[in-house]
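Participant: Whenever a hint applies, use it, and build me the whole structure from the sequences.
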Amino acid sequence: MPVATTNIDDFESSSVTSSYAPWLFLLREADKTYGSTLLSLGDEINACGRWLSPTDGEHERRLYFIECLSRKLTYIYPWSELVTFGSLLTRLYLPDGEIDAAVIWLYGRSVQGQHHPYDPTSTLLADIWPAFKWHYFSGDVGHVPERTSRAYAKLTHSDREFERQIRKSTDSGRKVATWINAQISAKPYLRHFILVVKAWASRNDLYSIWRGGINSYCLIVMIISFFQLRGRIGERASDVHRHLGKRLVSFFGYYGSANSDARSFDYDLGISVRSGGELFLPAARGWEVPDAKGLYVEDPCNMDNNLGFAVLDVDKIRTAFHAAYEQLLQAVYERKSGIDQGSILNTILGYDEEASIGLAVQNIVILKSSLDSTWSVELP
1 MPVATTNIDD FESSSVTSSY APWLFLLREA DKTYGSTLLS LGDEINACGR WLSPTDGEHE
61 RRLYFIECLS RKLTYIYPWS ELVTFGSLLT RLYLPDGEID AAVIWLYGRS VQGQHHPYDP
121 TSTLLADIWP AFKWHYFSGD VGHVPERTSR AYAKLTHSDR EFERQIRKST DSGRKVATWI
181 NAQISAKPYL RHFILVVKAW ASRNDLYSIW RGGINSYCLI VMIISFFQLR GRIGERASDV
241 HRHLGKRLVS FFGYYGSANS DARSFDYDLG ISVRSGGELF LPAARGWEVP DAKGLYVEDP
301 CNMDNNLGFA VLDVDKIRTA FHAAYEQLLQ AVYERKSGID QGSILNTILG YDEEASIGLA
361 VQNIVILKSS LDSTWSVELP
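Per my numbering, residue 1 is the first one in the sequence shown, and the count goes up by one each step.
Some hints here could point you the wrong way.
[Stated by the list, open to error] Label-pair distances were calculated between CB atoms; the ranges are: (1) Thr319 / Tyr75: 41 to 51 Å; (2) Thr178 / Arg50: 16 to 26 Å; (3) Cys301 / Glu81: 13 to 23 Å; (4) Pro290 / Ser185: 40 to 50 Å; (5) Gly231 / Thr74: 43 to 53 Å; (6) Asp315 / Ala186: 26 to 36 Å; (7) Asp239 / Tyr75: 50 to 60 Å; (8) Pro188 / Leu279: 24 to 34 Å; (9) Ala182 / Asn305: 15 to 25 Å; (10) Tyr75 / Gly276: 43 to 53 Å; (11) Asp96 / Ala182: 19 to 29 Å; (12) Leu281 / Ala258: 13 to 23 Å; (13) Gly342 / Thr319: 17 to 27 Å.
None of these hints come from the bench; they were simulated from the model.
Glycine residues also receive a C-beta, built at the ideal position from the N, C-alpha and C atoms.
Facilitator: Listed below in structure tokens is the structure:
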């Protein structure tokens, strides 16, 4: 059945009753908002955000994994250090998300009276790989995704199917995590909104720079830019939180529309979140690629860095945003018409019952079990 309108304001007076979705068991009766479909969608976003958020047990297990890798690495290279950055520091990772870590070569460090003999950055990932493979790890090493500037290694532990990235340097990774945490501290509604959008991107195969997609940092900056440019002057955080459902629909419409109007993002322009948010001409930065469409997103921690540089197919990104926008509008229309009383949010996330049970069991196991002995690192 076609959607009757594309104006989300027309749906504000519709009524809704909630039915099953994997995160709705976290939605307490007192939290439910009746009388508006989009307000109810906002409740779903917050419940889903809580459902996706890592438990303390899961977070501790990831930290232990890093400790295992760090001990192995420093045994082989006493002059090195493994540091974490990215979503591990912001706790914005998905249940099956990656762990970001970087190998730092400590120039000038003295170990047992000796200084480091050489800089192994060209071979370090390949050199340490056999040691990791001896202890239940597998994956690829030295792969450099097209249009990226850093070498990566990806590991998968036999006990879990989480992927771990190891880089040769952090660049401004820890500074970025501090900046993101500051944004969320100032605007708490961002946390659940970001987790929901990341889950959507992951399930639509967009959230991977390995395949020319959007990296997590870039996606977060795009979200913050949307709230800056599409927000109302003087709007309180509590008001944004209340209308989070409407904002989610508008977010996908903003980045998914091919129109050139105030409600649509122009992909010929670049995004900056400095000074309250603005758009700029990529050519002025020397970022524009001749005869090709690009995604231009300024790094708030390094204005010379384009976070969208690795995106290979901008039209694919825009089309995915537009599809999510249409799916949400369709779900809102069907809810208003009484055709379907199912979860609105799950129309774009697509968690089936099997996946939902799998994630729930995974979190329960992590909370109730001690660390598996296979996670220990035996030094040679």
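Participant: Of all the hints given earlier, name the ones this structure violates by number, lowest first.
Facilitator: Nothing - there is no hint that the structure violates, so all of them hold.
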